[in-house]
Amino acid sequence: MTQLMSLDGLTKAYPGVVANDDVSLSIASGEVHALLGENGAGKSTLVKMIYGLVKPDKGRMRMNGADYAPAEPRAARAAGVGMVFQHFSLFDALSVAENIALGMENAPRMRALSARIRAVSETYGLPLSPDRIVGDLSAGERQRVEIIRCLLQEPKLLIMDEPTSVLTPQEVDILFQTLRKLSAEGTAILYISHKLEEIRALCDAATILRGGKVVATCVPSETTARDMAEMMVGSVLKVPTRAGKVPGETVLKLEGLSAPAPNAFGMPLRDIGFDLRSGEVLGIGGVAGNGQDELLAALSGEMTVKPGMIRFQGTDIGALRPTARRALGLLAAPEERLGHAAVPDMTLTENAMLTGAARERLEHHGFLDWDAAKRFANNIIERFDVRTPGPSATARSLSGGNLQKFVIGREVMQRPEVLVVNQPTWGVDASAAAAIRQALLDLAEKGAAVIVISQDLDELMEISDRFAALNEGRLSATMPALGLDVAEIGQMMGGTHGMEVAHV
Amino acid sequence: MDLSAINPVLFIAGFLVAATPLIFAAIGELVVERTGVLNLGVEGMMIAGAICGFAVAVETGSPLAGFAAAAVGGAVISLLFAFLTQVMLANQVASGLALTLFGLGLSALLGQSYVGIKPPRLGDVDFGRLADIPVIGPVLLSHDLMLYAALALVITVWVVLKFTRLGLILRAVGENHDAAHALGYKVVRIRTAAIMFGGACAGLGGAYISLIRVPQWTEGMTAGVGWIALALVVFASWKPLRLLIGAYLFGGLVQLQLNLQAVGVAIPVEYLAMSPYVITIVVLVILSADKTAAPGSLGRNFHASS
Numbered sequence: 001m002t003q004l005m006s007l008d009g010l011t012k013a014y015p016g017v018v019a020n021d022d023v024s025l026s027i028a029s030g031e032v033h034a035l036l037g038e039n040g041a042g043k044s045t046l047v048k049m050i051y052g053l054v055k056p057d058k059g060r061m062r063m064n065g066a067d068y069a070p071a072e073p074r075a076a077r078a079a080g081v082g083m084v085f086q087h088f089s090l091f092d093a094l095s096v097a098e099n100i101a102l103g104m105e106n107a108p109r110m111r112a113l114s115a116r117i118r119a120v121s122e123t124y125g126l127p128l129s130p131d132r133i134v135g136d137l138s139a140g141e142r143q144r145v146e147i148i149r150c151l152l153q154e155p156k157l158l159i160m161d162e163p164t165s166v167l168t169p170q171e172v173d174i175l176f177q178t179l180r181k182l183s184a185e186g187t188a189i190l191y192i193s194h195k196l197e198e199i200r201a202l203c204d205a206a207t208i209l210r211g212g213k214v215v216a217t218c219v220p221s222e223t224t225a226r227d228m229a230e231m232m233v234g235s236v237l238k239v240p241t242r243a244g245k246v247p248g249e250t251v252l253k254l255e256g257l258s259a260p261a262p263n264a265f266g267m268p269l270r271d272i273g274f275d276l277r278s279g280e281v282l283g284i285g286g287v288a289g290n291g292q293d294e295l296l297a298a299l300s301g302e303m304t305v306k307p308g309m310i311r312f313q314g315t316d317i318g319a320l321r322p323t324a325r326r327a328l329g330l331l332a333a334p335e336e337r338l339g340h341a342a343v344p345d346m347t348l349t350e351n352a353m354l355t356g357a358a359r360e361r362l363e364h365h366g367f368l369d370w371d372a373a374k375r376f377a378n379n380i381i382e383r384f385d386v387r388t389p390g391p392s393a394t395a396r397s398l399s400g401g402n403l404q405k406f407v408i409g410r411e412v413m414q415r416p417e418v419l420v421v422n423q424p425t426w427g428v429d430a431s432a433a434a435a436i437r438q439a440l441l442d443l444a445e446k447g448a449a450v451i452v453i454s455q456d457l458d459e460l461m462e463i464s465d466r467f468a469a470l471n472e473g474r475l476s477a478t479m480p481a482l483g484l485d486v487a488e489i490g491q492m493m494g495g496t497h498g499m500e501v502a503h504v
Numbered sequence: 001m002d003l004s005a006i007n008p009v010l011f012i013a014g015f016l017v018a019a020t021p022l023i024f025a026a027i028g029e030l031v032v033e034r035t036g037v038l039n040l041g042v043e044g045m046m047i048a049g050a051i052c053g054f055a056v057a058v059e060t061g062s063p064l065a066g067f068a069a070a071a072v073g074g075a076v077i078s079l080l081f082a083f084l085t086q087v088m089l090a091n092q093v094a095s096g097l098a099l100t101l102f103g104l105g106l107s108a109l110l111g112q113s114y115v116g117i118k119p120p121r122l123g124d125v126d127f128g129r130l131a132d133i134p135v136i137g138p139v140l141l142s143h144d145l146m147l148y149a150a151l152a153l154v155i156t157v158w159v160v161l162k163f164t165r166l167g168l169i170l171r172a173v174g175e176n177h178d179a180a181h182a183l184g185y186k187v188v189r190i191r192t193a194a195i196m197f198g199g200a201c202a203g204l205g206g207a208y209i210s211l212i213r214v215p216q217w218t219e220g221m222t223a224g225v226g227w228i229a230l231a232l233v234v235f236a237s238w239k240p241l242r243l244l245i246g247a248y249l250f251g252g253l254v255q256l257q258l259n260l261q262a263v264g265v266a267i268p269v270e271y272l273a274m275s276p277y278v279i280t281i282v283v284l285v286i287l288s289a290d291k292t293a294a295p296g297s298l299g300r301n302f303h304a305s306s
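Respectively, the protein sequence lines represent chains A and B. So for the first sequence, this note's numbering puts the first residue at 1; every next one is plus one. So for the second sequence, this note's numbering puts the first residue at 1; every next one is plus one.
Here chain A stands alone, though its shape is the one from the complex:
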């Protein structure tokens, strides 16, 4: 294989933090190269430099032996570098073809472009209609838009930032086949992911970043996932532990829970039912946008439902609002930490007050007890190892992982009877994720019932006693989590959403 791209001593500093410190790596044509690291290790900064979004302070990049210094993404694309973003860089209100045209230099006329989109999507087994509005597409389909946008430019190097976090296992398989086919055609792929088993299955080489520096390189197929994780974290990883236990009484019972979609892009809930017993962890999987947010809203009380659909310890709570449900002991932590779980510009004390007022007696006859709220916030910070200057820091100033520990900790500390969490470790690094999972398991250990809604199947398998999947607003039957295999889970999640294997 010939050398395609080499990075030599790249350094980029932001005020207060060195994002990349003397990073070097090289990628050959046709190589699938993994870039590994925890959040904040500098992976995103590195690929942004390659894609021309950020200029390095020091160091140089070479491509095919010539100096390569893209001033902007346009130049990078012209040089043959394509990128599929982690947070999709798509425009909801525009059509597939329009979205693709925006990412191309010299886009052809719309009709010709549509034909090419059809041709490429056929070739690589990524069916996609050019005329559909992107806002109506599923997460997997949106990713296809991004991938096809890159493929139309015939890239020599394709950068993929966490491409599998939104896909079902079957969709992941098909994506991998597409990537292998590309690699066989000589396209180099720089692949960023947290998911170590995927990297072992797919990648030829791996570079591991920690604190902005390259700390190790390895051949993933010859290294265990655990070793790679420890190289990323830099310490021995604690795996959550659980003791065997017998579930207690039924505390929460859902029967025929149906609700219309709360907005145009939402998903209606359709006839959802399950029993939840104390001391039990129920994992709910499914691809994003299949009713997760709506189910959380129905459970937390943000969305009230018709009588008889939700019973908590025998009482019908369908009409109760979140505060009333909190008072009973049904607590929830939504997915979006900035703006939904926490108010970004309020301090941690104020945020602690917001959900803790009722159960922690922070409020007396309408007057707020700020001293008590501050003690409560401090307790959360201490117990959950939240890295922050103190409770007077604003929620926005915390890193994602630390804020996540805070918002989950805030609910766990209120001794819930039932706790519902959505994506508890989304975008959180390995050690913080392990701490959060352990806290949830400990909570169940003490007799609370926990519902974990997540798209991370490994996480669900690690902590749940029973598993169910959401698909199109319907919940599958619940199954014991122990012994479920990936194919069964994939079927529960709704299969492949019409994807097929590359057929050329």
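The set of hints was computed from the structure by calculation and includes no laboratory data. Nothing here was measured: the structure is a model prediction, and the numbers come from that model. Wrong hints could be hidden among the right ones.
Under the rule of at most 16 Å between Cα atoms (straight-line distance), these lysine to aspartate or glutamate pairs were calculated in the EDC-like manner [claimed, not checked]:
{"no.": "1", "chain 1": "B", "residue 1": "LYS186", "chain 2": "A", "residue 2": "ASP271"}
{"no.": "2", "chain 1": "A", "residue 1": "LYS58", "chain 2": "A", "residue 2": "ASP21"}
{"no.": "3", "chain 1": "A", "residue 1": "LYS446", "chain 2": "A", "residue 2": "GLU488"}
{"no.": "4", "chain 1": "A", "residue 1": "LYS253", "chain 2": "A", "residue 2": "ASP271"}
{"no.": "5", "chain 1": "A", "residue 1": "LYS55", "chain 2": "A", "residue 2": "ASP67"}
{"no.": "6", "chain 1": "B", "residue 1": "LYS186", "chain 2": "A", "residue 2": "GLU105"}
{"no.": "7", "chain 1": "B", "residue 1": "LYS162", "chain 2": "A", "residue 2": "ASP131"}
{"no.": "8", "chain 1": "A", "residue 1": "LYS195", "chain 2": "A", "residue 2": "GLU154"}
{"no.": "9", "chain 1": "A", "residue 1": "LYS374", "chain 2": "A", "residue 2": "GLU360"}
Since the structure of chain A is already known, use the hints to place chain B on it.
Just chain B now, with coordinates in the frame of chain A:
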């Protein structure tokens, strides 16, 4: 009361004129909002254009030079808004309101020595023999150049937004500025250009009032047309052709209430004067069913933090 005193030919010709300032102001604001910027300063930019156009037309004797000056004046004053919101990242609503107040004050100051003067008149476009066709001639073919320019502008904006790459980029920036930035489009630059275009259009609208529709200079003479333009953009669901219909509806109602006043309908003048504003808004609210049409990034400031 004698409704037969209203001449339908003069009535239609009149409402085309009444609608034109609104068309200019609203189509400019439509482009601005399509790029994701909410500029509430339309009224201020209009009145600034009205006095710039009036002053230059009077001094040079050329109405077209006046219109050119109005466009420049509107664009220059809109730069103030662009600087506040795009560079200093100030709140768009507050900045827009400030721009309106600033424009009203500045125009009153500039216009002190122009009160009571008559501006040079912009002649009608000569369609030759075509203008002699009965009804169509006097209704459609006996107007000044700027009225046709407004119409052409709406159609141009529609074509550009719908069929060209430039339009696609404008819409993309308004829809999701983070994604547009990630793809390498210059969000701030594109928005600043759109804001200036909006300012120029508002300036033309203002000058149309002071040079053709009224034509003279009085303080605050735009009389809320800028605000109607803002409402019109929203209720036209950010679509140029629907905007045109809304503008003609408003123009028609203005003309109608003036005619009704003239024939002495027994309704207090105040009610007649407010009716176009009320009816236009009510009709547009009813018509604008698809409320999801708003540009995704409308009113949100963009900063390339990553």
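Status of the hints after comparison with the structure:
no.	hint	verdict
1	B:LYS186 <-> A:ASP271	violated, 47 Å
2	A:LYS58 <-> A:ASP21	holds, 9 Å
3	A:LYS446 <-> A:GLU488	violated, 31 Å
4	A:LYS253 <-> A:ASP271	holds, 13 Å
5	A:LYS55 <-> A:ASP67	holds, 14 Å
6	B:LYS186 <-> A:GLU105	holds, 15 Å
7	B:LYS162 <-> A:ASP131	holds, 14 Å
8	A:LYS195 <-> A:GLU154	violated, 27 Å
9	A:LYS374 <-> A:GLU360	holds, 12 Å
Checked against the numbered hints listed earlier, the structure breaks hints 1, 3, 8; every other hint is satisfied.
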